[in-house]
Amino acid sequence: SSGDGGSGGDSGGSGGSGDGDYSLAFVQGVAGDEFYISMQCGIEAKAEELGVSVKTQGAKQFDPALQKPLVDSVVASSPDALLIAATDQSAMQAPIEAAANSGIEVVLVDTTVEDPSFAASAIASDNYGGGEAAFEAIEEAHPEGGKVLVVSIDPGITTSDARAEGFEAAVAENDKFESVGIEYSHNQPDEAARIVTAALQRDKDLVGIFAANLFAAEGTATGVQQAGRDDVTVVGFDAGPAQVEQLRDGIVQALVAQEPASIGEQAVEQAVAALNGEDTTAEIQTGFTVITQDNIDGEGGEAVYQSSC
Amino acid sequence: MSIDARTPKMGPETTAIAEVDAKETLFARLARTQWLQILIVLIAIVAVFSVMAPDTFPHWGNVRLIIQNASILAVLAVGITFVIITSGIDLSIGSVLVFSGVAAAIAMRTIGGDGWGTAIVGIVVSIAAGLFWGFFNGFVIAKLKVPPLIVTLGTMGIALGLAQILTGGVDIREVPEVLTNSIGYGNVFGTIPIISVIALVVIVIGAIVLHRTRFGLHTYAVGSNEESARRVGVKVDRRLIAVYALTGGLAGLAGIMSLAQFSTTAIAGQTETNLNVITAVVIGGTSLFGGIGTIIGSIVGLFIPAVLQNGFVILGVQPFWQQVAVGAVLIVAVYVDQVRRAQASRGGDVSVWKHLFARRRG
Amino acid sequence: MSIDARTPKMGPETTAIAEVDAKETLFARLARTQWLQILIVLIAIVAVFSVMAPDTFPHWGNVRLIIQNASILAVLAVGITFVIITSGIDLSIGSVLVFSGVAAAIAMRTIGGDGWGTAIVGIVVSIAAGLFWGFFNGFVIAKLKVPPLIVTLGTMGIALGLAQILTGGVDIREVPEVLTNSIGYGNVFGTIPIISVIALVVIVIGAIVLHRTRFGLHTYAVGSNEESARRVGVKVDRRLIAVYALTGGLAGLAGIMSLAQFSTTAIAGQTETNLNVITAVVIGGTSLFGGIGTIIGSIVGLFIPAVLQNGFVILGVQPFWQQVAVGAVLIVAVYVDQVRRAQASRGGDVSVWKHLFARRRG
Amino acid sequence: MTTPILKARGLNRQFGHVRALDDADFEVYPGEVTALIGDNGAGKSTLVKALSGNLAVDSGTIEFEGRPIDLSTPAAASELGMETVHQDLALAPHLNPVQNMYLGREVMRSGLAGALGFMNDGEMRRQSRRAFDDLGATVRSMTSQVGSMSGGQRQAIAIARAVHWAKKLVFLDEPTAALGVRQTKNVLDLIRRVSDTGIAVVFISHSMPHVIDVADRVQVLRLGHRVATLDAEKTSMEELVGLMTGANVGDAAA
Amino acid sequence: MTTPILKARGLNRQFGHVRALDDADFEVYPGEVTALIGDNGAGKSTLVKALSGNLAVDSGTIEFEGRPIDLSTPAAASELGMETVHQDLALAPHLNPVQNMYLGREVMRSGLAGALGFMNDGEMRRQSRRAFDDLGATVRSMTSQVGSMSGGQRQAIAIARAVHWAKKLVFLDEPTAALGVRQTKNVLDLIRRVSDTGIAVVFISHSMPHVIDVADRVQVLRLGHRVATLDAEKTSMEELVGLMTGANVGDAAA
Ligand SMILES: Nc1ncnc2c1ncn2[C@@H]1O[C@H](COP(=O)(O)OP(=O)(O)OP(=O)(O)O)[C@@H](O)[C@H]1O
Ligand SMILES: Nc1ncnc2c1ncn2[C@@H]1O[C@H](COP(=O)(O)OP(=O)(O)OP(=O)(O)O)[C@@H](O)[C@H]1O
Ligand SMILES: [Mg+2]
Ligand SMILES: [Mg+2]
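Chains as they are written, first to last, in the numbering used here: chain A, 4 to 312; chain B, 14 to 375; chain C, 14 to 375; chain D, 987 to 1240; chain E, 987 to 1240.
Same shape as in the complex, but just chain A:
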């Protein structure tokens, strides 16, 4: 889908003056993740609209040690602009800055780096706010209060850490609710299922679980189902087609949707603007929508990530 087959990469380095033939590169936080795939869809749609080419790359894990070599290679192929979801604010600072210094326009998407001043634009998701919103969904389903759990990925992953942090902070403000802590699933659904079943044995009065990413949500849903505890409210993060189906099936009660496609579209706009020497917006904050069965066919439905592009 993304490789446009044409001679996009060789359009003569940076600073191509015409409108038509910019080559963009998009580096995902991790390959094969629906959030980034949706973002890629947005990017490709917008790129086609603006008549620029784009190539997408992503490492196997959300790991700066794997992303840095990838970025270096992408930079070596000298695209006109780089759209990147940095896997670490410090670790990726130098390699991305080096790209900018070599004349490539940089747009930071989803995440940012410590000092993004070199970037044409930084379009950030509000993960912390998403975590808070997830708690509100649980609060709504269980106004009586109770114990809640977070199933995250691994400690040290900035995006999911921010989601968990936002969630925990919101829990702390409501004294009817008590957090029993964060468990880590190592991005394995079966691991998440094992943890959740054990946690449900420990805290039989658990009322809600916030699963901080797709696999955590899938494993959590499976675990809850295995334990036969459909009274537990599961809130997932992201709203790819798979999650939406979980929501429709009633396995998951709410989803916190970011706006990956819109991030992608704006990123392309910013990049092309920068390449054309037009004004860019330094910082763009995107929002999120909480999708439930009630609004899935209405406004919530619009927030669902694109799956095919």
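No lab work stands behind these hints, which were simulated from the structure alone.
Keep in mind the model is a prediction, meaning the values are calculated, not measured.
One should not assume that every hint holds.
[To be verified] Straight-line distance between alpha carbons at most 30 Å, and here's what the computed DSS-like set of lysine-lysine pairs gives:
1. E:K1171 <-> E:K1220
2. A:K63 <-> B:K248
3. B:K156 <-> B:K248
4. C:K248 <-> E:K1154
5. B:K248 <-> D:K1171
[Stated by the list, open to error] Label-pair restraints from in silico Cβ distances:
6. C:G181 <-> A:T284: 33 to 39 Å
7. C:F302 <-> B:E187: 43 to 49 Å
8. E:S1096 <-> C:V214: 23 to 29 Å
9. C:R251 <-> B:E187: 55 to 61 Å
10. E:D1217 <-> D:D1182: 39 to 45 Å
11. A:T284 <-> C:A57: 43 to 49 Å
12. E:D1217 <-> D:R995: 51 to 57 Å
13. A:Q296 <-> B:G181: 24 to 30 Å
[Said to hold, decoys possible] Coverage of chain C stretches by chain E, computed from C-beta distances (three or more under 8 Å per stretch; other residues unrestricted):
14. 222-228
15. 235-248
Where is the CB? At the ideal position from N, CA and C, for every residue including glycine.
Starting from the structure of chain A, add chains B, C, D and E with the ligands where the hints point.
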């Protein structure tokens, strides 16, 4: 010249042989049940948790979930036990599982329908896809002599990449309900998960094949000394291909089981599977150098980390400390197992502590 | 009775021996440079990419980055080569790297300051932390006879868990600037990364130690036949402990290098590190069964996947297809290497294609 | 002279710089005991490996019963009725004596069970014990791993195995090296008995008395090349030793 | 009689159900060649392993030069001046003959280089070649892996090694089993020469002529128990064989 007054009591050697072999049946059995040692370690761990969390840990509801969650890994562990006994390794099972699940999901989506017809097509496609990858691994390893680590690492990337290409990286979630309701969450006798029954059948058949049939014997022979096996006419290449194909096929079966359980192809979600399964097999006493191992040992080996994790979560041990504790208990468990095995083979009574401070020899 | 007219040309055996050994120096050298075979494979890959992307791939700027990005892994690969030659394995290096980085970061933060004094404390703490874990691994493996896979898997969990506990799961990002400016992104002669110079020094010293000193010889002896080595008086336990400690120490060094390069402890990272390094070592011709291997082979083995990835990204191959391509090329590369080695040891000229279709023997 | 059952011509095999077989010829006649002798490293074992499908030669031809054959696998040799006791015994160390005895040729149960791969363990154990007893082998346990057994016990198992399966030709590469006095005597007797049934035996040994005692014909290998073929009855230890070492006949004695 | 240099009393060692050593006694006198004989599986190799620090016994005592010792590692035995050629040769198959010859006792370079672990390869090669030539060993390459060498070549390397390092006592467990005629003769000569220098030799062999030829004293092991100690000059092959097999003296002959 001095001739010792006490000449041995036995007559000609053949008598001595007969005598020794009569005694042996029991001993042989004991030797063959060396996995008993690691089972004792598991029981000890279970006992400790049962004492520490008497209200939750030892109850059937919890035990049932531990078993259910170990079922898919158990199917994989059966295959990997065969592979490691041949002194091979298979890193591709996680990816093959995903690929098979994807292939099955696509096939079922294409056919459409929610009934058993569709489900059976899915099952067949999944197992066939697994068999294909296993056969590919086996062929390259046996015929082209590329080391198993490299081959299966390559297959790991290829199968996963193809699964992502087939789906565009987006998980497929359309799984016939009959699958989720039966294999995924069905029970027999109201409380025993069907998924665990399937695993049990695989384990029993696997154990019979490994320990009772010619195929199993040849598996040990290949791992014991490939060159010798070849010299005496064991069709080593064919056996190797069959072992890897078997393992692939079981990964395919695990793929459809996973699809039924999680209702999704979970494409990126099996990266730890191969390490988890290999660990289980090694805990269970199978040597990475081949020639030694039992299915039942591997299954016991699977439950040690599973029980540890479950127990630590129930006890409310912090996640960071859980990793530390699981790692530490793992080392201690295998250490205790080693010492007990050494004792058993010796008939001695050296305690663990004595062993720890004694110097090593013979 | 018939006596063959053509009696051998040689005199008494001792003469024959001398003759053979005179010819041998060249041959021995050729044999010892079997890594040449895999180097040729690497060169072929580089040539293909250079032709396909002549404007970008073969340029120093790109090559420099490939080398820079391989530097940390190269330091680890030196240690793992030693470990695998002893027929062991070390899965803990990624976690030990993280732990060492965390320990160093905490030490430097505690002392405060941005100068070399602080940096040197960090370096020392990092290497010491790595040595500690390596020593622990070696002790449990050598003295308590627990299989290396289990021990280092346990350590992997323990070290990572402790790193998370020490940081509370939040990366430390305060790294003295002198470190990032020198080790992290400094250059010598304006263009050669200091981090790569460090790696080169480690590689050269590692190769000398492995191939020229008694310690290296004993490493091979332990892997070749542990029992034999013990019998002839090699202090096997001590050597094993030293090898794992060395590997841990190098992981510690890699920890501070990573800290300097990334300015963060990256506790969630390094998940693929051990597999990547082990793969490199095996591609480089080191046998997982011990006794065989070279440092230089491992380094070449490191560059094959690195160059493939770089080349595919530059060519714009999609990530999903990249996995497939890297996996496939990996298998083919090692296969070609095998065939060429077999030829070299035989002196024959059997082509790859002939081999592919010939039946296996001798 | 009858046609040889096995005839090799101009075999060459190089290992790196060592020429293990250097234009070697060899032949075996049915029903005869052919001794193959030579100094250490002369290439005897290499020749046996080449003739039993365990090693590819660089050049040369092998004929079996007059027809040229391609011995590419040990299984191919077995199918022709040839069995081998290798100097480094081809045993699976983790298996027990019975399993080793029948490895690759297991006796299956009858009927469905057999088709499913189940073996007739009892039958194999009985037959194995008989074979070991025949040799007077002191195999003290039928269920212990072969790898843990004494050198002589292992050798006895390998011999019992080869003799049990050979139909036309059996190679014995230093079969008595690790055997006790009584077992050696039994093996020499067995060799005679086997060759009396019409099976050809190739016997490699460094013990000249045994060679002269048991062999019909002696072939001498030196530095990879066959330098002599002698009638066992008409030769002497001195002559054999002289041929093996390349010294003049009568120059060296055992 | 002088005091034995090595004296073992009541050694027992069980493997599972096999009693490999059954209350075995053993002694070796300085400067003598002691032959240790016994049927296959009698426990000879097990005894040697126990006396050379390679195997822990279940019970029993070992005295060296009159003092009780604890032989817990092979290194401990080496320090006392004892060396061993094991039946399954203790060679590292991936190393070359020179490396094997000096393994664990490398000759280091002088000065700093030596302290840093650099070895004097040239010196070791020269010494090794001399030792192999002494044995008339046909080791054809000093840089090939030992694992690829012929049985006799490997055995020669193991013998050269043990004899080279022994100070007081050397165990030779079937050292001539794989050797050629000439090499066997050389080893028997070497044994005599070694024992003339005052070093005690324990010689295990199934070849009664060699035993009677070279030994001063013969000890017979049967089913793990020493059943006889004889003066080599006053015994006969028939008597030895009878003792080994438990048959009446004169009943069985080689
Ligand atoms: N796989 C191999 N690689 C390298 N060299 C080899 C290999 N096999 C044999 N050789 C060499 O070939 C020569 C012949 O060896 P072979 O084993 O055939 O001798 P042999 O006559 O059986 O000797 P012995 O009486 O000692 O058993 C020896 O010099 C040996 O080192
Ligand atoms: N590690 C072991 N495990 C189990 N049984 C063993 C082990 N080592 C030896 N045995 C058994 O102990 C007995 C004595 O073996 P040992 O090797 O000492 O005999 P041996 O006298 O050297 O015989 P040979 O003349 O055949 O070399 C044998 O029955 C053997 O099977
Ligand atoms: Mg030989
Ligand atoms: Mg013995």
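Status of each hint after checking the structure:
1. E:K1171 <-> E:K1220: At roughly 23 Å apart (the allowed maximum being 30 Å), E:K1220 and E:K1171 satisfy the hint.
2. A:K63 <-> B:K248: violated, 39 Å
3. B:K156 <-> B:K248: Holds - the C-alpha atoms of B:K248 and B:K156 are around 12 Å apart, at most 30 Å.
4. C:K248 <-> E:K1154: Distance ~22 Å between C:K248 and E:K1154 Cα, so the pair holds.
5. B:K248 <-> D:K1171: Violated, because 35 Å separates the two Cα atoms, which is more than 30 Å.
6. C:G181 <-> A:T284: 33 to 39 Å: About 35 Å separates the Cβ atoms of C:G181 and A:T284, which means 33 to 39 Å holds.
7. C:F302 <-> B:E187: 43 to 49 Å: Holds, since C:F302 and B:E187 (Cβ atoms, about 46 Å apart) stay within the stated range.
8. E:S1096 <-> C:V214: 23 to 29 Å: holds, 26 Å
9. C:R251 <-> B:E187: 55 to 61 Å: Given a distance of about 60 Å, which is inside 55 to 61 Å, the answer is holds.
10. E:D1217 <-> D:D1182: 39 to 45 Å: holds, 42 Å
11. A:T284 <-> C:A57: 43 to 49 Å: Once the Cβ atoms are compared, 48 Å apart, the range 43 to 49 Å for C:A57 and A:T284 holds.
12. E:D1217 <-> D:R995: 51 to 57 Å: holds, 55 Å
13. A:Q296 <-> B:G181: 24 to 30 Å: holds, 26 Å
14. 222-228: Holds: 5 residues of the region 222-228 of chain C have a Cβ under 8 Å from chain E.
15. 235-248: holds (count 12)
Figure legend: structure checked against the earlier numbered hints; hints not met, in rising order: 2, 5.
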